[in-house]
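Fit chain B to the known structure of chain A by using the hints.
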Amino acid sequence: MLKIKHFIEQSWLLIVSSFIFGLLIAVTNAAWSPRIIQNEKDKLNNLMTGLISDANNFEIAIEALEIVGSKGKVVRTDLYKALDVNGKNIGFAFIAVGAGFADKIKLVIAVDGAFGKVAGFAVLASNETPGFGSKIKEDYYLSQFKGVPVGKIVLVKTGDAEKIDSEIVAISGATVSSEAVVKIFNTYINNIKEQLQKKGLLNKGK
Amino acid sequence: MAKEAQISTGLFKETFIAGLWRENPVFRLLLGMCPTLAVTAALKPALTMGLSVIFVLFCSNIVVSLMRNLLKPHLRILMFTLTIATFVTIADLFLKAFQPRMSETLGPYVPLIIVNCIIICRAEACASKNPLFVSIIDALGMGIGFTAAMCVLAGIREILSTGAVFEIPVLSLSENGGWFVPWAAMSMPVGAFITLGLLLALVNVITKK
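Keeping their order, the protein sequence lines are chains A and B.
Those letters in the first sequence? Residues 73 to 278, by my numbering.
Those letters in the second sequence? Residues 6 to 214, by my numbering.
If we strip away everything but chain B, and leave its shape as in the complex, we get:
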């Protein structure tokens, strides 16, 4: 009995760590590239997006895991999409009601979480095959891993494009007599692609050892 418990805590730990690093959705699986490239111009929208994804992933994994024994194989994707769409709509309404400015900044990317492959991938690969607890841990691991990756990308882009972190200025800008000239390109799509490419290369170098 004790051994069983040990194995399961090991499993939970491994599931959690997998999402954070070994199977990080952004850096290792290259899933969910649309929000990764589109909303990482600054930290605040990236963090909001990450939290929304955690919420949706968490709820959909719970629901899918609970009904995994009732699912008909050929209707499962339909069920996944239905579940995900419900929670995304709720997240979207929440942002509109309580964070109207952020909702405007994110624009169509919140409803687009419905087609975010991380969530459907976790429903298919984990929640539909595993018990509730494992699915919850997996959702948290993957969600936090995704959010962390987004924040790294957004942090680099924000500081280089505006000289600020979380909209708080940290570098002295040239227009105020400082030394730092903001790189406008970093806040545009080109900045997202270049930063992501360099980060992926870095992650590959680290994991190659």
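If we strip away everything but chain A, and leave its shape as in the complex, we get:
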């Protein structure tokens, strides 16, 4: 009995303040979490609208699609459907993640409604070397993906960057980052297309 009294004497402040601090954090979180979630949604929506400019609205087409990654690891991603003003499906977009040079690279990839051509990609989060790997966010690299047919994409060191084909010219000084993006594309895009075809969500013959 004496021991318990001793413990309480020693630690009452710690216990009481833990509760108070816990409460403080809980209240703050309750007040701001809707804003935080909204911010994340807004960012994704903005990026997707930037890629599919005619889109009026995005809605989730398939939740938690399973993708088998390069090391056999299964990752899940939501597939979004882009709808224009008349409610017509004009494209798809999804978040794709892969290893970059320094950290994970998170991309938003968009394709057209028939899943035939890549509409482009945007970087949602990355931590690539400033001045080198960070150039994956620049037009020289981004524009090479616009209009590329869905299929296997290869990275080449030299070539015509302005020609739209499945050969992507690497950024000089940032081969690893360039390669990482191509790898993310190759991991996700065909896989999703096949799954969509199996589910009969794509128009055949296109």
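Since the hints were made in silico from the structure, they are not lab data.
Each hint should be verified, as a subset may be incorrect.
[Stated by the list, open to error] Restraint ranges, calculated between C-beta atoms of paired labels, are given here:
no.: 1; chain 1: B; residue 1: Pro174; chain 2: A; residue 2: Ala174; range: 48 to 58 Å
no.: 2; chain 1: A; residue 1: Val99; chain 2: B; residue 2: Val210; range: 45 to 55 Å
no.: 3; chain 1: B; residue 1: Leu35; chain 2: A; residue 2: Lys115; range: 30 to 40 Å
no.: 4; chain 1: A; residue 1: Arg107; chain 2: B; residue 2: Met38; range: 25 to 35 Å
no.: 5; chain 1: A; residue 1: Ile97; chain 2: B; residue 2: Asn74; range: 47 to 57 Å
no.: 6; chain 1: A; residue 1: Gly94; chain 2: B; residue 2: Leu71; range: 10 to 20 Å
no.: 7; chain 1: B; residue 1: Thr86; chain 2: A; residue 2: Leu95; range: 10 to 20 Å
The beta-carbon is built from N, C-alpha and C at its ideal position, and this holds for glycine as well.
Just chain B, lined up with the frame of chain A:
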């Protein structure tokens, strides 16, 4: 009575100035090196980081100073960490809710304020031994001193790596036909170490007199 008041204003002034220069956490005490090196690639993140640290330091110094007589010596570090972690979490949530872009740029460095030694050092060395008012002045002095040092470092790095200050271009870049070639190295860790080293040397030369 008048003399006492004079002594205390002198003490407050000295406490405040100490954080700014004589005991500047970055240049004199070399505390909090992790954010100093990591988020000073540009002015905006450095300033945000500095303001977050001022907020956390201010709140934790108040709380620690108020409960300094209740603290059990062997549990004090635990109490400090608990207090600091609470306010850092609040600062982190605030940035996520109202400055989402900045929150992304700073990434893990906001939660890492919890282990920033400036804050725990001030709790231990000042707030747990001094009355409320002195602790508040100390928090402001140290916080502003830290922020100012970060901004000096970040200003130098930003202008040399991008030719801009607060993302507003000031030097004409070579890619637009100007004379200035940006030093990419300055925005990388190597730039942080070199700039900090040179600044420390400069501060040492000035204070040696």
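CB-CB spacing for B:Val210 and A:Val99 relative to the 45 to 55 Å hint: 50 Å, holds
CB-CB spacing for B:Met38 and A:Arg107 relative to the 25 to 35 Å hint: 33 Å, holds
C-beta pair B:Leu35, A:Lys115: status relative to the range 30 to 40 Å that was hinted: About 37 Å separates the Cβ atoms of B:Leu35 and A:Lys115, which means 30 to 40 Å holds.
Range hint compliance [Cβ, A:Gly94 to B:Leu71, 10 to 20 Å]: Between A:Gly94 and B:Leu71, where Cβ atoms are some 18 Å apart, the hint holds.
Range agreement (Cβ of B:Asn74 with Cβ of A:Ile97, hint 47 to 57 Å): Hint violated: Cβ distance 25 Å, outside 47 to 57 Å.
Cβ separation of B:Pro174 and A:Ala174, checked against the hinted range 48 to 58 Å: 27 Å, violated
10 to 20 Å as the expected CB spacing between A:Leu95 and B:Thr86, which holds or is violated: Holds, at about 18 Å.
The structure fails hints 1 and 5 (numbered hints given earlier, in ascending order).
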